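Visitor: Position chains B and C against the provided structure of chain A, taking the given hints into account.
Now for the letters of each chain:
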Amino acid sequence: MSEILLEVADLRVTYPGEGGDFAALRGIGFALGRERLGIVGESGSGKSTAGRAIMGLLPPSARVGAEVLRLGETDLRGLDEAGFRRLRGRRIGMVLQDPKYALNPLLRVGEQIAETHRTHLRQGRRAARQAALAMLESVHIRDPARVYRAFPHELSGGMGQRVMIAMMLIAGPEVLIADEPTSALDASVQRQVLAILDEQVRARGMGLLLISHNLHLVRAFCDRVLVMYAGRVVESCRASELAAARHPYTRGLLAALPDLAHRRARLPVLARDPDWLEPVR
Amino acid sequence: MKPVGWQAWLLTETPGGRAQARAGRWYRNLRRFARNPLAMSGLFVVLALIAVALAAPLLAPARAVVLQALPDRLLPPSLAHPFGTDELGRDLYARVVFGARITLSIVAMVALIVLPIGLGIGLPAGYFGGWIDLVLMRLTDIFLAFPRLILALAFAAALGPGIRNAVIAIALTAWPPYARLARAETLSLRAREFVLAAELQGASAWRILRTQILPLCLPSVIIRLTLDMAGIILTAAGLGFLGLGAQPPSPEWGAMVASGRDVLLDQWWVATIPGLAIFVVSLGFNLLGDGLREIFDPRAA
Amino acid sequence: MIELHDVSIAYGGRDVVRGVSLSVAAGEAFGLVGESGSGKSTILRAIAGLAPPRAGHIRLAGQEMPRRRTRAQRMLAQMVFQDPYGSLHPAQLVDQSLQDPVAIQRLDDGEGRIARALAEVGLGPAQRFRFPHQLSGGQRQRVAIARALILAPPVLLLDEPTSALDVSVQAAILNLLDRLRRERGLTLLLVSHDLAVVAHLCARIAVMTEGEIVETTTAAHLAAGEVTHPYTRALLEANRF
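Protein chains in written order, with this note's numbering: chain A, 1 to 281; chain B, 1001 to 1301; chain C, 2001 to 2241.
The shape of chain A in the complex, shown without the other chains (with noise of 0.2 Å):
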């Protein structure tokens, strides 16, 4: 692995509750470099809390704490919420499930494309526009000049999801963090915009960041996996070799997966394990 782009350590999120405190991440680590990242795992897990507690995104009642948790050479830890604001976008952008919360409904795309350019790059009206026409381009976008024109509601679900690309990567990042980008689109549509955000973190030598539920999706798209259970990553292995895993809930999680090419009269159900909270070395 290259240059670390961003690095986790013993990441920890508790929301307090009525029963007491809920542990929502209990101590995770990796390092992300330029490469591609895939976290999976089930509702529940801590996956998407992992991508939201990276971005300073999480409700203000939820306790993080973290030995490290470093954007480059910047410290995330302790940062208040002017702080993470000019990180997002300028250095690190989320692409999320739904781009129709994500977009002002009330203004057309291209405008909140060149808004984040003229927000983080200040190089005026003109440039902007211009840089986001060619962002529009770029994760292929046939008549980008028809598109800057759109209101998010006028734009389909893959539509939408390049334009959140494209306004995510428009201020140029070192990290893109992508939670379940895909989930909500059609297997066809899907596999275009993946293979955009791949192209585009390819091109930019950006570290991606895959959250997703999807073993097939993660499997066949990263370079490594995280695999989450019960706010701890219990399993992390190059994403070729995921075959192999050898933990018993990644197993199970595998196994559990209907096949097409081999069709089972039952499917193995996961029987959890209270020993699963152990990671594999």
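These are computed hints drawn from the structure, not numbers from a lab. Quick caveat: nothing in here was measured; it's all calculated off a predicted structure. Each residue gets a CB set at the ideal place from its N, CA and C atoms; glycine is no exception. You may find that some hints are simply not true.
To be verified - Covered stretches of chain B (chain C as the covering partner; in silico rule of three or more C-beta atoms under 8 Å from a C-beta of chain C):
id : segment
1  : 1010-1017
2  : 1193-1201
3  : 1211-1221
Guide: Chains B and C in isolation, oriented as in the chain A frame:
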């Protein structure tokens, strides 16, 4: 701390029967409500209003309400007359206490008229759509187009002044927003999958409205009603103030404020004390409504 | 058991399903796959009686389905929806959700039916008196299946029943559906965008796009990649990672 005894019975995750599960839900809601001090103070005011109205004869002698004692007119608050006396020498304390009965009866009667009309028009309009919706909503629009106080004034003037007519006038002008609210809620619920499932089971429209949609509409309608109560009390007081509501010598708070108007500068208590009663009760209903809204907020469920 | 003959369904003045015919035998599991907007869910709703067709005939258990079904005809087909959070009434106990269909259809032995239906989907008395928000996604979907089964319909219509669930929960629900089909002779019609899920449960599969069935094939052919229509091939390609 682990709950024990009856608390454990109420808070269990695996209730043994319907009654226990329902009681547990109520208890949980109650605990949420109890954590909100403003809502609790609202509840306290409303309960106090009910208690005072029920126990009025115990708190003050009924005959003091109308007992005129001209030598004692316009006395400031004292031990004998805690709130002072009015321009006819009547004890203001007794009048305010018995006035609670009038306010409570107005509130109850308006609620009893407005809820059935609002739900009865809004639910079918939202569920059936089409021409039923069109007819019912145009009817609602007609009522909505009149300014509320003016219409209430017109009704009161046409039907003759008096509490009962004032209530009818207020209720007739108050229901349209409820019909609209119920319709909007029904529209958002009718395509939900649990409603479709009930249709698939062969449930009649009446049954779906009653068992599936009404229980989910009712909280927001009741919250709206609680929040509107302040306005209703004020409208009733306004009608009383203008002489179109309760008639003398009935101790209606609005009418009492009106009678103290002439002496407001020198004998402030005559108008201020019933005015304060109106203010406190209106505020109480508003706080209660806000608290209820927090409990029933679906995002918190 | 299910017969569609030249069914077209209009929505907003436009035909979203055009001239679809299909036939599913009793005890068979039949799959409908396609991408969003292909009309696959609309067909399911038409069979359930929620979206009356503009043209064509729908027959269930040999009976022609009229526009307005009788209460007895309602019992022929029940449906399980995609969203386990939206398909149960949020203010009703599980018990109430299961009691309503019994009351509507005026069936006897409600108590026994509820207990058996819960047991059949792997739930018990512990879940019976809970509200939906006290259950997990998988448990809710089991309740939805129990609610559909309590009327003992010969046909169960499944609209993306596992796509909102975690992989491990999906496996358990798929196993449950397969067991119910074999033990009770249920006829299943499964709609999904996930080819692997459909092929796991169904022997025969129809591929839909733009309101039409372009190919009807078998799970075995699909697995072997022996398909004829270019759209099916593209779908297969997109599903293979």
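Visitor: Of the hints stated earlier, which fail here?
Guide: none
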